[in-house]
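There are 4 protein chains.
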Amino acid sequence: MRTGRLEAFSDGVIAILITIMVLELKVPLSAPKFGDLEPLLPIFLSYVMSFVYLGIYWNNHHHLFQVVDRVNGRILWANLHLLFWLSLIPFATGWMGENSFAPATVALYGVNLLLSGLAYSLLQIAILRAPGGNRILADAIGRDFKGKTSLILYSAAVALSFLSRTAACAVYVLVALIWLIPDPRIERALATHVQDDRDKTD
Amino acid sequence: MRTGRLEAFSDGVIAILITIMVLELKVPLSAPKFGDLEPLLPIFLSYVMSFVYLGIYWNNHHHLFQVVDRVNGRILWANLHLLFWLSLIPFATGWMGENSFAPATVALYGVNLLLSGLAYSLLQIAILRAPGGNRILADAIGRDFKGKTSLILYSAAVALSFLSRTAACAVYVLVALIWLIPDPRIERALATHVQDDRDKTD
Amino acid sequence: MRTGRLEAFSDGVIAILITIMVLELKVPLSAPKFGDLEPLLPIFLSYVMSFVYLGIYWNNHHHLFQVVDRVNGRILWANLHLLFWLSLIPFATGWMGENSFAPATVALYGVNLLLSGLAYSLLQIAILRAPGGNRILADAIGRDFKGKTSLILYSAAVALSFLSRTAACAVYVLVALIWLIPDPRIERALATHVQDDRDKTD
Amino acid sequence: MRTGRLEAFSDGVIAILITIMVLELKVPLSAPKFGDLEPLLPIFLSYVMSFVYLGIYWNNHHHLFQVVDRVNGRILWANLHLLFWLSLIPFATGWMGENSFAPATVALYGVNLLLSGLAYSLLQIAILRAPGGNRILADAIGRDFKGKTSLILYSAAVALSFLSRTAACAVYVLVALIWLIPDPRIERALATHVQDDRDKTD
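Protein chains in written order, with this note's numbering: chain A, 138 to 339; chain B, 138 to 339; chain C, 138 to 339; chain D, 138 to 339.
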């Protein structure tokens, strides 16, 4: 099976998730002044964070399936499993935003990020274990230092939530930055491989 | 007509359905503790079940159209008919979740699954009866034992709902498992055929 | 410009419209019996009608762009204009369903169908007037008897709404049936043309 | 990386945004007369304006990526940045419509358009600065007179909002018209380039 529909379906789900989160920013009725928007600030901030996270996941998903040619049943389900945890992000975001970043809500948000991160790792493993393996992906992620570090940081932030919500949120921002800042080594490795493959095909 | 847009449209509808179900998980306002989430548990469980079912339908739809090259008006409408019943799953899920799996709600959920299953069978028949037929699909589904068993089990579960809700839900879980666990015989049959076809084309 | 993204965008919009209509079927809370669903019946019926209409539009749009190779700015906007009127169908449907098919609501629904039908005709004209024209489409629609009849029937139904809501709705069902029942003459004409073109290309 | 998934994802997000705006047009319950729709008029007008703006953005995005072959991380994030500001348009539209175009709401709408316009300019810059540059785009936009004028007009309209809401809205309509009316010079320039490129490839 080719990857086309899996990519299209995942794009659809992530596009909808990233967009329905904005529905949590409920339009204030009979409230025509800028000051009336103030209570929406925590909801807006939580929206920005989740928008960036879903953007990162889409981005990484996009990169990941650049190097995948065929999918099997296991990869399809590992992908749906990832989409399941991502689908809960609007809820976790809304709960956190509506309750002004209360400790339990910040912790649940971290649990959601942690489970999404785990699901992403499982998806990578499913791809690596597919018949024939995936040498390019194996080289590109190596020991997956970035992925493992993220999981550890999420876990730490969940525990931190009850001590300091600000610190927990700072960790979420930090992990997002780790993924936002491009990693030229990986890009180069990928480029080389793709080039190698093309040379062989031609 | 090629299958591209039919697939894209179905992907879009299923992606939206799988995602709007999560909107039923309404964010509790002024409720910042973990305990505040407890009333959402039945809604969450019903969400998980329907997410898996829609995932199975997407998965099967994906497989089905792997072996279809061209669509006619009948196939287009059989597909829209399937999407119609699937589009009611968020409603049936929400009704069941919001009313803590009350007997009538569990029965209606089963009726929805039954009608979706029937619509899927009709779609397969529409494909098999298209001019030229579809030898690969005919071989792959055989007498469609799995499909027919599912329909019988759904019907049984609808009746069971009024005796034991737990038993009815157990049947829904069982049918989901039947479809989740990969069926290597079919995959092999498909692979052989595709290989045969390729050999002829080359 | 190729038609790929115009088709994908239209598929997306129609898929979302057909799906968000189901959100109007609000899940009744603390209402676990079948009888509790009775008040939803008019909403359900209006949903079925609009699902079929949007299905017909998607189907026709699909057919239409089979014979279009390139789009210009005018076609893009004619298409967005069509999507605009279609985007109001969930509202018109909801208003009609929530108010048990009151005369004014049935009339507005007809106005919405009329404007969507007009927008579709304008889209066909934009395609026919594009540089080079579109001989296949011109032959396939001829004088567009079906399209013009629909517009006349919609107009009649709008007027009828205030005399007999049942009669008006019967007209909407009739027009839907006109489009649902396949028109073998057109399909054959199209097939011949496509065949001709292929012969020339090969 | 190819542009396919970036286009599909952007199409998905814009299709959803353009469609969820219509949810702000809440169906009036127990309100079966035409007069009952009157309070929805400002919401409808704000919907029309935003539909046109999102249509323009989709249209321009479509044109822009016609001349882009490959995307890098920077372009992906510049695109997500644009989608972020566009994702707030339903909120700004709803706030303006629900509060009958109160001055602050008209100003915020303008700020949203301004930030979306800036994000679009940044996306163009990211494309121009990609390795190898983009000669066709550079020629097509030149000094981007239209883009810069729009940003100045948006800024003026934001300030104007507090003096005259009508004048501010007139400016928004004016900018929309500037983009709606096709610019034959650019189309021709693009056509020439594409032709040149094809000649070289062939």
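These are calculated hints, taken from the structure and not from any lab test. A couple of the hints might just be wrong.
It does not matter which identical chain is used: a pair holds within one copy or between any two.
Cross-link-like lysine to any residue pairs, in silico, SDA-like; alpha carbons within 20 Å at most [unchecked claim]: (1) 163 with 221; (2) 170 with 302; (3) 285 with 311; (4) 170 with 284; (5) 163 with 238.
Okay, the hints, checked on the actual structure:
Taking the shortest alpha-carbon separations for residue 163 and residue 221, only the inter-copy value of 17 Å comes in at or below 20 Å, while the best intra-copy value is 25 Å. Proximity of residue 170 and residue 302 under a CA criterion of 20 Å is satisfied inter-copy only: 14 Å between copies versus 30 Å inside one chain copy. For the identical chains of this complex, residue 285 and residue 311 are intra-copy neighbours only, at 14 Å inside a copy versus 35 Å across copies, given an alpha-carbon limit of 20 Å. In this assembly of identical chains, the alpha carbons of residue 170 and residue 284 never lie at most 20 Å apart, being 44 Å within a copy and 30 Å across copies at closest.
Proximity of residue 163 to residue 238 under the C-alpha cut-off of 20 Å is found in both arrangements, the shortest distances being 17 Å within a copy and 17 Å between copies.
Comparing the model with each earlier hint shows a violation of hint 4 alone; every other hint is respected.
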